[in-house]
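Sequences listed follow chains V and P, in order.
Quick note, the working numbering runs 40 ahead of the 1-based positions in the first sequence.
Quick note, the working numbering runs 183 ahead of the 1-based positions in the second sequence.
Calculated from the structure, these hints are not laboratory results.
Think of the CB as a built atom: it goes at the ideal place given N, C-alpha and C, for glycine as much as any other residue.
Not one of these hints is a red herring.
Simulated pairs of lysine to aspartate or glutamate, EDC-like, Cα-Cα distance not exceeding 20 Å: (1) V:LYS228 with P:ASP265; (2) P:LYS275 with V:GLU231; (3) P:LYS289 with P:ASP309; (4) P:LYS282 with P:ASP309; (5) P:LYS275 with P:GLU264; (6) V:LYS228 with P:GLU264; (7) V:LYS228 with P:GLU340; (8) P:LYS282 with V:GLU232; (9) P:LYS275 with P:ASP265; (10) P:LYS282 with P:GLU300; (11) P:LYS403 with P:ASP374; (12) P:LYS365 with P:GLU300; (13) P:LYS282 with V:GLU231; (14) P:LYS275 with V:GLU232; (15) P:LYS275 with P:GLU290.
Residues from chain V that keep clear of chain P, each with C-beta distances beyond 10 Å, as calculated: (16) PRO74; (17) THR76; (18) THR172; (19) HIS221; (20) ILE270; (21) PHE282.
Example chain P residues on the side facing chain V (calculated, C-beta under 8 Å, incomplete): (22) CYS258; (23) MET260; (24) PHE262; (25) PHE268; (26) PRO269.
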Amino acid sequence: MTQIMTRPAPALPRLSVPGRSDKSQRRWVTAGIPKTVRHRMAAVVLPMVPIAAFIVLWQVLTAHNVVAWLRFNRMPTPMSVLEALLARISTGGYYDDLLASLQRILLGFGLAAVIGIGLGILVGRSAIVRMTLRPFIELARPTPAIALVPLTILLFPTSEQGIVFITFFAAFFPVVVSTIHAMDSLPKVWEEAAKTMGAGPVSLMFHVVLPGALPGIFAGLSVAMGVAWICVVSAEMISGQFGIGYYTWQCYGLLDYAGVVVGMISIGALGLITAWLVERVGRRVNRWLPRATR
Amino acid sequence: MSTGAATLHELRLGFNGVVAANVTLTVRPGEVVVLLGPSGCGKSTILRALAGLLTPLSGTASVDGAPVTGNAAQCAMVFQEDALFPWRTALKNVQYPLKLRGVRGKELKAAATARLEQVGLGAYLDHLPSQLSGGMRQRVQLARTLACEPRVMLMDEPFGALDAQTRLEMQQLLTSVWETQKMTILFVTHDVDEALLLADRVVLLSHRPATVADVITIDKPRSPESQFEETYQRRRRAILEFLGHRPAETA
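Chain P on its own, in the form it takes in the complex (with noise of 0.2 Å):
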């Protein structure tokens, strides 16, 4: 998988002249940024401008210096709601983007196969997505963006609608899997802890229009014990600070 760079540069969103969003960020590549901020301050629609299905007002989303358009299969998504073919199988739905690349007969359905068994459901090709949880659902969205072999990944919330445990064995599945694959990742949540958990850097956004208003370079990135030191829980304070929780005095 090759891993690209994505920089946003002045990039401005918004509906009917509504700006939404103005942004300016450079992503290395195979690093993990995640956007942080209040919900409905405009996360998503970054990474709408990234994936090419919204058009900027100005300034520029590229990736590897080339501009974003749409249908590029460069910046594949992975959503927070059922983004699943629910009329096709796991296999089937992973198959998808892989056939779009002109991957034929046997080795098409040994590359999806593949995928499936990297996310833990080699044992549930042909389940249709109505037969799947929710966690399992969201492993299958996780295995077609990857047969995408983007170059860079983005996440829109991808677990925000699980428990809290499934949420947490995607958090370790995406680490593992980013382990051995080492791509760009670009993830959007309003969960303090998940973007502590898996970013190299956590980027603060203001409420809308999102600006950027604080880049946190996390020292260890993606070490479970860290969550346990001092400096994590000052960080975690501060930054639900800034989204506007106060934390009782006592905690």
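Okay, chain V solo, but in the shape it has when bound (with noise of 0.2 Å):
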């Protein structure tokens, strides 16, 4: 979480070098066949061999039960992990399970999000401010979101309120640094012409600091999402009643392994469901932006 994420470095351009010998090699393959619909099927088979080789490997080390100094003797076949899966997902309470978890990363990650942007503006634009809160935010910040869980319980009256927290503080971090850095890097040109132009804090405010300071805002929003999913999920396992990361470590506990498999791919699919939303959100707001920096 301390990894601070600004505009990622634009791509390098690939590479390549075409060798005659390789070329000669392959011709008795692709014989025929037109190069574009080559490149499209190579793009379709590729990412799929890495993909069947891991379930492969799963399928013969589960199946023959094999020991050799990892134990693959417990652990769960693919097929049983689809099977429990499909139980699964035909429960009710697998949608309550999965419910609870977003809620409480919706109700952490937005407040991170509000209070962090907000925090970070007020220390981004005024000295005073980052005099007195900057030091604290130092010492706050190294302190992991998941190191608080024990106290959490004895201070919050319920254990929902206490994930939330946890949630919060965990996505705080990444949201307020960036956003401090995006207005520490705001070019000084813009704010100048709008006030020449006549504008006044408002409009300077939410016509020029914040959009300007957008980029650098989500590359911050997508860290926090990580970070809120990895701290609600932990949260859950320890003191949650419901939730993706309590069923989880209930299946443990009950010797359910197909099932810790399910709760471990759910979280997943979460994961990369709300972060392709943080992406998508970011890429529409930021649209402006030159292609190899966005």
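Now that you have both chains on their own, put them together as the hints suggest.
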């Protein structure tokens, strides 16, 4: 969570070194197939190779109960996971767990986004606020959110609020720090130009500072979404009553190892969807960025 | 567009107590005054004071007798670097100052479009700054600044980063815009030819702190033929010599 991403580095042009011997060797396989079709086939087939290899290896290791330092004898087979997943998604409880986790994420992440961006702007814009708050932020930042679990159990009346707080705490720092960085790296000339055109503080904030800082802010938001998931799942495992993290840990306790993998897959899927959403909104808002730096 | 007069009265500017400029100067309404001086002499500092971006150490900068304060829009500025908002299209950039002045709806779009057509960019309304060339971006900036209808238009080396051909086009464009609107312009450059081509008066500034070393009144301002005359060449050489360039004896 201390890793701050500003604008990602522009993609390097791909080097292609056509080798003559390479070409002649391949010709007998691909003879007669147009180049574009070959390229498209490669784009579909190549990604499947490691995925298929992983599943085959998983099947072989678990079906034969291989024990060779790593012990696969209690690992569920791919088929048993698939069966557990199909059984699970046809029950209502599954969706209750997903919704419980999603609700916590959205609350914690939402609070972190609003408060983080707000405080980040204040620190970035006001020397007094910076002097007052920056040291406190830097002191609190290194504390891993998950280390707060014992105290939040004591502090909050319900574990629900505790989990949301831990998620908020984890997501807050990437947002606030990236917002401060975005404020600091804002070119002065935009603001000066707006001032000479007669802009007041409100117009400066909403039409110049905020749009200019959004690319940097969104870099922080996507990091925040990632750590928010880590923290919500961990907190649920420790103190939850519902939620996908709680479900996963409960399956482990009940020796339902296929259920554990179903939980893992569900968490991964939710993480993917929420990260994609943040990415999607970010792209839409920051459409104006040159393609290479978007 | 109402044109204003700018007065700098014993204006002292600086940072951390170090004086960067000390200037007294009066610019008449509708006049084009070019501040010319060596690089880093504090020319831009003077413009920033008039724009209200810099508080003077002492003295006053005033427009039509009223002292300059920030956010007044009476002195809009064209910057050398990209001051356009990169997230707004050319049209939206020009609409920004109009919107600040309360123009809304159809009128807003029509006014902004007219400004962009004035600088020859009628076909590029929906282009983002990143999709425009350097010269086109400066045209948009010019249009945006004109849309402010400033009393005094400040231009801080606006064509400095452009190639020679584009710079010439921009100088001609500025001249033709001035012919129709006769706005007051305070223009900063370190390019002697640009100064002599655009100005009614050229104000020569000394090196730091910038003070007025000489004021040269151009007899036939903005006439394209004048640069082939003997007086132009002599004047050009004298200014270059003042700026520290010693032209070769044979030149």
